[in-house]
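Asks: The primary structure of each chain is shown beneath.
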Amino acid sequence: MPQVDFTVRVGGDSATGGIVTTGEIVARIAAYSGLEVYTTRTIPAEIKGGHVMFQLRASEEPVYSQGDDVDMLIAFDQESIDNYYQLVKSGGFLIYNSNDGKPPAAQGLNVYGLPLNDLAKQINFTRGRNIITIGAMVKLFDLPYDKAEEVVRRQLGRKKELLDQNLLALKTGFDYVEQNISRESPYHLIPPTGGIQEDRLVMSGNQALAMGAIAGGCRFYAGYPITPASDIMEFLAAEFPQIHGTMIQAEDEIAAINMCLGASFAGARAMTATSGPGLSLMVEALGHATMTEIPVVVVDVQRAGPSTGMPTKVSQGDLRLAIFGAHDDAPRIVVAPVSVEDCFYQIVHAFNLAEKYQTPVIFLSDQDMSVRVVTIPPFDLNKVKLEPRLLWDPKSIDHGGNGASGNGGGEREYLRYKITESGVSPMSLPGMPGGQYTAEGLEKAESGAPIYTPEAHSRNFEKRARKLANALHDYEAWQMYETFGDLDAPVAIVGWGSTIGPVKEAVLRAQSEGMPVAVLYPKLLYPLPVEHIGAFIENRQAIIVPELNFVGQFGRMLQAQFEREIVHLNKYGGQPLAAREVYNTIKQVYADVKVKAQV
Amino acid sequence: MLSEPQIMPLHFDSVNLKPNDYKSDVKPIWCPGCGDFGVLSSFYKAVSELGIPPEQLVIASGIGCSGRFPAFCKAYGFHGVHGRVLPLATGIKMARPELVVCAVGGDGDAFSIGMGHFPHAARRNVDITYIVMDNEIYGLTKGQASPTSPLGLEKKSTPYGNVDRPLNPLLLAFAAGATWIGRGFSSKPKEMTELIKQAITHKGFSFLQIFSPCVTFYDTYDHFKQVTKPLPADHNPSDKAAGMKYAMDEETLYLGKYYEEDRPTYDDAYSGVRQKATKGAYSFEKLMDKYRR
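Going line by line, the protein sequences match chains A and H.
The letter at position 94 of the first sequence is residue 93 when you use numbering that gives the first Met the number 0, and the numbering goes up by one with no holes.
The letter at position 229 of the second sequence is residue 228 when you use numbering that gives the first Met the number 0, and the numbering goes up by one with no holes.
Please keep in mind that the hints were generated in silico from the structure rather than gathered at the bench.
Certain hints may be false.
Said to hold, decoys possible - Derived coverage of chain H by chain A (criterion: at least 3 residues anywhere in the stretch with Cβ under 8 Å from a Cβ of chain A; other residues may be distant):
hint, stretch
1, 80-91
2, 112-125
3, 186-200
4, 267-273
For glycine and all other residues, C-beta sits at the position ideal for the given N, C-alpha and C.
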């Protein structure tokens, strides 16, 4: 067990401001001080007003989930005290605003009242309460003050005057604790080893994803603002113009994806990012991309639905929409990253699959992963290889060319939708003489000319399915999956997406208690890696599928595919999965299937 | 180092192009007498006279009789979904500004399902040419009222007469900020060819409405012959108020170039953004440094 494994929850009303900032600054101070961090947050969908919760977990070892229990609660208002004090561990801490709240009459809590309003008034900075609190925490937990200053400078240093005020607030909180709370801190967050020395980035899933898009060769983005995907657009708006890319804020999601299709048709690697409501609007264009065989990457940062739902809460409810959302059979590839770091590498795979198979790829992130700030190793560009699109070579007889360059007019015509063994046909791009064709949404002959014969229609269905099946080779070759745990265990967990973190923690705990579990997280969800998953679950006595949706969308897919009973762990309240919930399920499964625990 | 995605080669070696050089092997499926035939042959003529290499020309479309237009041309074509031709054309143009991009459609595609995109393409001044073949009816779905059908029109979906007031595409174009606005008639091929040439040559968003009657479901040839006439010779296309005044006339439907304005195109504007954003050589390492602890 790590010596330091510490969870802080910050709660307050968003109208008073700064709750998420407080959390993110504390997270960064911890990260800068040599700890691994993992954060989660729930914010109201409203701009001002409404309850905000931010949670930080810090440890000297990698952290996989938000933490089940709270070591310290920072409550800016009474609601936060009342709602959360029971989550605080015995011996834990409560910091509250003693000008604006009453502590609970609970035993076993270390309660520190900070007269935040008074302190803020003293320094003439009413909005400084959160930074004063941070200063107090730094002292209480013996964090390096210089790191705290550095973070405040980097995060809040845009305006000199405001920065000075914030630095003063930090000092005020620090000094207050030093002078008024005489006891020495019982909690040294920095381990004697000094924490982790390795190079780390502190960033969110959306930031990692946007950087992955840049590395993955994406140079065209069109999108429409939507929570929780907008910051991908904002990130690329700043970066793309510097790398000769283009970012367009479209008039709606339908326009966004059609702009991407136009750009990709013209040769650019193109992406849009949205959430459930936007993906719903893009469904028609996605079918069109399958039909015209145009590569495009569509990111869906899933949020709780249906309809408007809960825009700032997490869900994994769009799996069925991603896979099946189309009229008639319009197969596309569906990729799901499992973590913030993974967002970077999997989005590169998403682009490579889209280009290689000339097909839309849906990338299923989620709200929790997208906003969560964690420490991760720097990205390794050596691991990034760009798969090119198969372009038409007019000199190649195989490509239907006439063997000569020039302005077409040879004996053989270019066949954009040529039936090939792999299903992939060489694609020409505007500007290539002789390669003219129409990207056609109607059913068509190999040339692209509309045709309605049963033969052509059947042949094209087979072609479009054939090329996707080949993506399964890349699944193997690029190792688009993670396995861990005891691979000989009688119980398996097969999951997808960001639930992997709490599963990792729960499995470690269960394992140490003699309940081994084998875990598989495929990152390619369509086409489904049937052979790999089938072999993995074949001899297990029980299969648990944890996911954040009501019906168990992935679990039911596996049930249908393998005709196996599935233990569904479905969570659908809009919150991330907790390690304890997974652990309890494992325990229950061991009891139910009477698998003998191996002690 | 970032790997750069592929860049496609371009050639400019075509000379002496004839209208037939733009004709594909796909035979038009339009009804005999359809106004769209006239538009298509004027288009062939216009692009050949302008000498645009066919491989440098992209024609995008949506759904409707007009949507089949690209397949009849030996250019690059994109037959998109219903109503989305302008986002498609915007994507093509912004990814490859050196291409000549035309968008074609009908009144339903443009002003009903696709209306949400029209003002945005216009206000951005995307350097594309939008030709709307307006027959005031839904032809491909066999004769329902369209957003430009006149009041009282009795058709299958309006058996007691159309009660939806028709909209005025030219005024919309003015309001949205199109920088070239014109109107043609498929029975006036010479003038139409000239308008198409001017619309394509204009740098910016060109909107060309062409009356293109539907002989099968709503034959308006005689009507348009009676109510159309050329814009007065003294009309000054840089006079926006005068152009709008002519556009407002519902008795006489004027043909010709209503308006032209010189304004930076969308790709010009975005080049400005690139210049503003670029500070020396791009470094992915530096980007990571922003997030390094």
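Asks: All hints, please: hold or fail.
Replies: Hint-by-hint comparison with the structure:
Taking a C-beta to C-beta cut-off of 8 Å, the stretch 80-91 of chain H contributes 9 residues in contact with chain A, enough for the three needed, and the coverage statement holds. Remark: the stretch 112-125 of chain H is confirmed as covered by chain A, as 3 of its residues place a Cβ nearer than 8 Å to a Cβ of that chain, reaching the required three. Coverage of the stretch 186-200 of chain H by chain A is violated. Counting CB-CB distances below 8 Å, 0 residues qualify, and the rule asks for three or more. Coverage of a stretch by a chain is defined here by at least three residues with a beta carbon nearer than 8 Å to that chain's beta carbons; for the stretch 267-273 of chain H and chain A the count is 3, and the condition holds.
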